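*Asks:* The listed protein sequences derive, respectively, from chains A and B.
Heads up, our numbering is the position in the first sequence plus 124, with the first residue counted as 1.
Heads up, our numbering is the position in the second sequence plus 96, with the first residue counted as 1.
Just so you know, these hints were derived from the structure itself, not from any lab.
Here the structure is a predicted model, which is why all the values come from computation and not from measurement.
From the three backbone atoms N, C-alpha and C, an ideal C-beta is built for every residue, glycine too.
There could be a bad hint or two in this list.
Computed from the model, here is a short list of chain B residues facing chain A with C-beta under 8 Å [claimed, not checked]: (1) Gly-112; (2) Met-125; (3) Tyr-135; (4) Pro-136; (5) Gly-139; (6) Thr-141; (7) Phe-185; (8) Asp-200.
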Amino acid sequence: GAGVSQSPSNKVTEKGKDVELRCDPISGHTALYWYRQSLGQGLEFLIYFQGNSAPDKSGLPSDRFSAERTGGSVSTLTIQRTQQEDSAVYLCASSPTQAAGDQFFGPGTRLTVL
Amino acid sequence: DQQVKQNSPSLSVQEGRISILNCDYTNSMFDYFLWYKKYPAEGPTFLISISSIKDKNEDGRFTVFLNKSAKHLSLHIVPSQPGDSAVYFCAASVTNAGKSTFGDGTTLTVKP
Numbered sequence: 125g126a127g128v129s130q131s132p133s134n135k136v137t138e139k140g141k142d143v144e145l146r147c148d149p150i151s152g153h154t155a156l157y158w159y160r161q162s163l164g165q166g167l168e169f170l171i172y173f174q175g176n177s178a179p180d181k182s183g184l185p186s187d188r189f190s191a192e193r194t195g196g197s198v199s200t201l202t203i204q205r206t207q208q209e210d211s212a213v214y215l216c217a218s219s220p221t222q223a224a225g226d227q228f229f230g231p232g233t234r235l236t237v238l
Numbered sequence: 097d098q099q100v101k102q103n104s105p106s107l108s109v110q111e112g113r114i115s116i117l118n119c120d121y122t123n124s125m126f127d128y129f130l131w132y133k134k135y136p137a138e139g140p141t142f143l144i145s146i147s148s149i150k151d152k153n154e155d156g157r158f159t160v161f162l163n164k165s166a167k168h169l170s171l172h173i174v175p176s177q178p179g180d181s182a183v184y185f186c187a188a189s190v191t192n193a194g195k196s197t198f199g200d201g202t203t204l205t206v207k208p
């Protein structure tokens, strides 16, 4: 497809388990972002990749969260030792430029930690 | 400390009338503002933006107004249509910084 895709669409896990969320950005987009949206709240910035530059990790809430982007394309967000407060929709976006308005969002992964 | 605030969690308007969604920000470094629209089970989609060098930007039925002195922006939708029913997020950024700071969203319901 032409848009940003994310997998899985839904993930239910038990507290303490690790999870991996995947994002396939639009081909050719150099920038990739991860956000999360907790229930009834806005989007919270997590991490930003731009080309070959060091990622902006300033939004990661704890060292249990990490992300990588392989080959400048696919990205994986990993949450270790999940907690119930990690339950949220995790949204990935990609952009052809650094301009904020150019962000194209995927449908998100709904994570539920029991 | 929430830097972008949408104080109205919901808004209901009649089809054909004007919808006005409001947003306030606190960080004076923000110089680029955006509105996104989000339907259930979908990611947000970009709607309209405005740079801090302007006070108004119009695109069809959608107009965004920026009042820098008040650190306030608003989105006007005229005329409102039932298909406009969605959650609207206000976002702010520093140009070319990439990441945006989002408000909590306002759920707009347009009644036929």
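*Asks:* Give me the numbers of the hints this structure contradicts, sorted from smallest to largest.
*Replies:* Violated hints (numbers, rising): 1, 2, 3 and 4; every other hint is consistent with the structure.
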